[in-house]
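Listed below are the residues making up each chain.
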Amino acid sequence: MYDLFIAPLTETYFQKALIGGSIVALVAGVVGCLVVLRRMAFLGDALSHAMIAGVAGGYLVMKMLFGLEAHAPGMLLGSLIAAVTTVALISFVARISRVKEDTAIGIMYTGIFALGVVAVSIFRHYIHIDLMHFIMGDILGVADSDLWVSAFTAALVLSVLILFFRHFQIATFDPIMAASIGLPVLFLDYVLTICVSLVVVSAVSMVGVILVVGLLITPAASAYLLSDRLDKMMWLAALFGVTSVIGGLYLCVWLDSAGGGAIMLFCTLQFLVVLLVAPKYGVLARWQRMHNLIPQQQVEDILTTILRYGKPTPMEVIVQYVEQDKGLKKALESMIDDGLLTQAAESFSLTEAGDKEAQKVLKAHRLWEAYLESIGTPKEELHPTAHHLEHISDPNTVDYLDEKLGKPVRDPHGQTIR
Amino acid sequence: MTTENNFVIEVDHLTVSYHARPALLDVSINIESDQLVGVIGPNGAGKSTFIKAILGFVKPDVGVVKINGKSAQKAKGEVAYVPQRGAVDWDFPITVEEVALMGRYQQIPWYTSPAARDREAAFEALKMVRMEDFAKRQIGELSGGQQQRVFMGRALAQGSDILLLDEPFAGVDAATERAILEVLERAKQAGKTLVVVHHDLSTAAEYFDKLILIKQRLYAYGPPRLVLREDLLSKVYEGRLRIFSDVLAKEES
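Just so you know, the protein sequences line up as chains A and B, in that order. If you read the first sequence in my numbering, its first letter stands for residue 1, the second for the next number, and so on. If you read the second sequence in my numbering, its first letter stands for residue 1, the second for the next number, and so on.
No lab work stands behind these hints: they were computed from the structure. Be careful, since some hints might not be right.
[To be verified] Chain B side only, calculated, beta carbon under 10 Å to chain A, not exhaustive:
1) VAL62
2) ALA80
3) VAL88
4) TYR105
5) SER113
6) PHE134
7) LYS136
8) PHE151
9) ALA155
10) HIS199
Bear in mind that the values here come from a model prediction, so they are computed numbers and not experimental data. Idealized CB from N, CA, C, for every residue including glycine.
So that you can see chain A by itself, here it is in the shape it has in the complex (with noise of 0.2 Å):
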C-alpha cells in the first residue's frame, strides 16, 4: 500500500505533475463545459495545433530581434497569434466558399500544424524545440516556470469565468436575449476563445498537442451527463478534470506508461462509467426506462382480450390473444396500479375506467374492419389488420372513419358498433 500509493508522492517530479496537472485540468474542465455548451470542441483542437507555428514563430522572432533564448512570453504571444489566425482562417473559408466549416477546420489546422513542423525542421539550429514532448507533453518533466505559468493562467481564466459567469452562461444559452439587453455578445466570444487558448497553451506541455481537446471536453462531458445547471456542471467538471490527473498520474507511476497517455486513458474510462451509470442521462437509467415503459398496444390488447372473454379472465386467456406476451406479467400489474383491472383469484377483470377503455378500442376495431371491407379488403384479412389498426384510436381518427362509412350500426361480423 504504502509503495503503491505514498511512495510516489514523495517524489519531487510527482508532486510537480499533480499541482501542475491539477490546476490545468481543473481549469480545462470548466472551460469545457461552455466548449462543450457551445458545439465548439473543434476550437481546442485546432488551437493545439496551430500552436506549434506560434511556438516556433515566437521562438524564432525573439531570437532574431532580441537573442533571447526560447523566451517564454515570446512563445505564448506566438501561440495566442496563431490560434486566433487559425479561427479566423477557419471562418474565412467556411464563409467565402463552398467548403463548409468541418472540413476548413480540418484543412486549416493540419495546414498550420504542418508549417510549424517544416519551420521547426527548417530552423533547427537557431530554435531547439522538441517536437516529440509537443506532440505527446511530458507531465512528470514540468519545470518550475511551466508550473508559474499554468496557476498564472489559471487564476486569470477562473476570476474571468466567475466573476461573468452569467453574461456567458445567456450568451451561450440564448445569445439573442444576451444581446437585447445589451451585452457585448461578440465580445464575450471572444473572450471566451482567448480563455480556451490559454487553457489549451498551458495544458499542451503536459499532455501533448494531440490529447489536449480531451482534457477540456471529456471532463465537462462526464458533468453534463449528471448536471441540470451550468454551475454544478462546472463544478463536477472541475472535480473530473482533476480526479482524471490523480489517477491518471498513478497509472503512469504503476504501468511505467506515459504520463499524458495515462491521464486521458483514465479521463476516458471516467466518462464511459458516467455514461452507463449517470441517474438520469445513463445508458443503464435509459435502458430501465424504456424497459419499463409498457407499450400502449399490449395494455390495449389485454383489455379487448377481457372485454371480449366477457367475465374473469384467467391468465392463459390472456396468453392466447394478447401477441407481445413478453413483460405481460409486469404490464399486468401495472394496469392493475392505473387501476384498468382488479386482479381476482387467477382471474382479472376490468374495472369502470378499464371497460371505458375497452369499449373506445374495440369501437376503434369495429369501425376498421367496416372501413377495411369499404375498401375492399378480403374477407379473411379484415380481422388480423383491423388488429393493428385499432390503435389507431384517436378521437379524429374514429370520428372520420364514422363519418364516411355514414355511422355504421353494425360492423362486418355483425357486431354493434357502439
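Using the hints, position chain B against chain A.
Relative to the frame of chain A, chain B by itself:
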C-alpha cells in the same frame, strides 16, 4: 419620453437591405400600448428583420425605430424577446427558475450575485404563467406549451412593457395554443404590448386586436377585419390565396 402620444413602438420610414435587396422597404407604423398585435406575411417577407429592427439589432439604411420614444439601438432591454422553440437548446443544463431569473440579469450589476429580491421577482413571473410547480425542472423535461410559458415568464420577469414573440404557436396542439393565448391575454391585461409573429391566417382574426401585414413593405396595419381583405391578401400571398378563402368567408359573415 413619449408624453403626448401613447405609441410604444414607432417605426418611421424604415428601409433595411441585405446586399442591395430590401428586406424592409419604407415601413412606417405606430403601435399603441396594451395590445395584442399579430405580424403576418409569407415566408421571406421580412418578418424576422422587422423583429430584429425592433430589438435594435439591424442598422437601418434609412429611417428610425423608436421604443418608448428612444432609439431602438439605445433602448436595450425595453423589449423582451421570446425565442422560437426551435431556436432553443433544450438539453442545456438549466432549470426553469434559472431561465426566469435570466429575465432579471439586466438589473443585476456584474459584480454581485442575484439577490433574494431577484429570485422573488422571477418566481412571481413563473406564477403568472402558472409554471411555479416546475421551478426545479430542467427545461427539456417540459411539454411544448410549458416550455413556451417558461420563456413567457422570463419575458415578464424582465419587466419590459413590450414583449416580442417569434411564432409561439408553431408546433403546438390546439389545447396548448389556447393555454398560451390565455397567458398572452393576461399579459395584455397587465398592461403589456405584445407583438407576435404568426403564420396561421385562420386564427389571426380571432387571436389579435390588430394585425400587421407585411411583405417587404407594409401592406396594412389595423383591426383584423380591415387587414384580412381579399385584395390585400391576394397581393401579398399571390397564388397561394385559395387556401385562405374560408378565412375571408368567415370575416365577411
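Results for each hint:
1. Proximity of VAL62/B to chain A is violated relative to the hint, the smallest CB-CB distance being about 23 Å (cut-off 10 Å).
2. For ALA80/B, the interface hint holds, the least distance from its beta-carbon to any beta-carbon of chain A being 8 Å, beneath 10 Å.
3. Taking 10 Å as the C-beta cut-off, the interface hint given for VAL88/B holds, the closest approach to chain A being about 7 Å.
4. With 10 Å as the threshold, the beta carbon of TYR105/B comes within range of chain A, its nearest partner Cβ sitting at about 6 Å, so the hint holds.
5. Taken as an interface hint, SER113/B checks out: its beta carbon lies about 9 Å from the nearest beta carbon of chain A, inside 10 Å.
6. At its closest, the beta carbon of PHE134/B sits 12 Å from a beta carbon of chain A; the interface hint therefore is violated under the 10 Å criterion.
7. The interface hint given for LYS136/B is met, as the beta carbon of that residue sits about 9 Å from the closest beta carbon of chain A, less than 10 Å.
8. Interface restraint check for PHE151/B: the shortest CB-CB distance to chain A comes to about 9 Å, inside 10 Å, so the restraint holds.
9. Below 10 Å, beta-carbon pairs count as interface contacts, and ALA155/B has one with chain A at about 9 Å; its hint therefore holds.
10. Nearest Cβ of chain A to the Cβ of HIS199/B: about 19 Å, over the 10 Å cut. The hint is violated.
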